[in-house]
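Starting from the structure of chain S, add chain V where the hints point.
As they're listed, the protein sequences go chains S and V.
The end of the first sequence is residue 272 by this note's numbering, with every number in the run present.
The end of the second sequence is residue 351 by this note's numbering, with every number in the run present.
Check each hint, because a few of them may be wrong.
For each label pair, taking beta carbons as the anchor points, the in silico distance ranges come out as [as the list claims (entries may be wrong)]:
# : chain 1 : residue 1 : chain 2 : residue 2 : range
1 : S       : K167      : V       : D294      : 34 to 42 Å
2 : V       : D302      : S       : K174      : 49 to 57 Å
3 : V       : D302      : S       : E183      : 46 to 54 Å
4 : S       : E150      : V       : D294      : 41 to 49 Å
5 : V       : D302      : S       : E170      : 51 to 59 Å
6 : S       : D237      : V       : D302      : 43 to 51 Å
Derived by calculation from the structure, the hints in this document are not laboratory data.
Bear in mind that the values here come from a model prediction, so they are computed numbers and not experimental data.
Beta carbons: idealized from backbone N, C-alpha and C, even for Gly.
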Amino acid sequence: MSQLIYLYGLIPEKEGSSQPVPSFQGIDPNYETRCLTYGTTTAIICSVGRDAFSKEALEQHTKNINWVKEKAFHHHQLLNHLHSQFTVLPLKFATIFENEERLYDTITAFENDINASFQLLNGKEEWSIKLYVDSAFQPDHLNDEEITREWNEIKQLSPGKQFFAKKQLENKRKDQQKSLLSERCQNVYERLRPFSFDSQQKENWKQDVTGRNEKMALNAVYLINKQDKDYFFQEVDSLKETLSQGVSLEVTGPWPAYHFSQFKQRSESFGN
Amino acid sequence: METEALKSRDISLLDILDAVLDKGVVIRGDIMISISGIDLVYLDLRVLLSSVEKLNDVSPTGRPINPQAMRKKEGLTNR
Chain S
1 MSQLIYLYGL
11 IPEKEGSSQP
21 VPSFQGIDPN
31 YETRCLTYGT
41 TTAIICSVGR
51 DAFSKEALEQ
61 HTKNINWVKE
71 KAFHHHQLLN
81 HLHSQFTVLP
91 LKFATIFENE
101 ERLYDTITAF
111 ENDINASFQL
121 LNGKEEWSIK
131 LYVDSAFQPD
141 HLNDEEITRE
151 WNEIKQLSPG
161 KQFFAKKQLE
171 NKRKDQQKSL
181 LSERCQNVYE
191 RLRPFSFDSQ
201 QKENWKQDVT
211 GRNEKMALNA
221 VYLINKQDKD
231 YFFQEVDSLK
241 ETLSQGVSLE
251 VTGPWPAYHF
261 SQFKQRSESF
271 GN
Chain V
273 METEALKSRD
283 ISLLDILDAV
293 LDKGVVIRGD
303 IMISISGIDL
313 VYLDLRVLLS
323 SVEKLNDVSP
333 TGRPINPQAM
343 RKKEGLTNR
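Excised from the complex, chain S in its bound form:
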């Protein structure tokens, strides 16, 4: 039975024809990666066996975290490598076609979107910024006078009422701390935006996911013009100097533009 086609990503034909595209061992290790060019687009693909990449086989494999980790890493590493040399549209993991003809039909149908994305991503790369907050963080802008006044008011109450009033006040403090922190994170996010072409603020990952003692307080990605990268990092460095005790900023990248490659329209409407 014929093999399936695994699609990693797309690069502009112009770039693919002006320098050799390297070949790697594929996601199915029995095959090498290769290029298929359709008009202005070169698809980076690999043949894959049905035994491991049919819908049924994938459903089984994706229950195995080791398999997912290994293959997802491979997918990323290949795109990362290509991204160091070419403008790359990174495809979502495990986008598979029955045959080259089906791939051709799909790429042709998306041609305008693909070209628009190539234009958008040309000369750009993605960087991730995360802020973490540990227990040493103490917001220094809480109003001390207000705190003292409120505690004094509580002391005037009967013991029973004091109990509830204290609880209420503690909750209020926690809310204030939270909102101060979120305001500061928002400031960090906003300060970097003018140095980027585009940006996205993502959901903060919970501690049981990150396994860290610190709480994630900002999870953002920026699309940067490579030629403006120095300005972006100067601002990152200057932000780092202003961070309160207990707050740390971590930068990772450059990434293929995973967060900025989605087509604006049609991606959901193109049928099976």
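Leaving out everything else, chain V in the frame of chain S:
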């Protein structure tokens, strides 16, 4: 004891999974997987990490993973 390098690497692992499983361009392939409960995948990954490997090929600052080292580790070889 967890080292700083290991922590940073953890995040990069999560970043990678988040990026390739949940982001990237969606072009309707004939076969596509939908991994529901991405959070659960991350949690499984954490268990895996804490039980399996000691990783040290990332700088303590969380700067990019060394692609050479990663390629070697993941068996992605340039032929």
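Inset, instruction - Please write out, lowest number first, the hints stated earlier that are contradicted by the structure. - result: none
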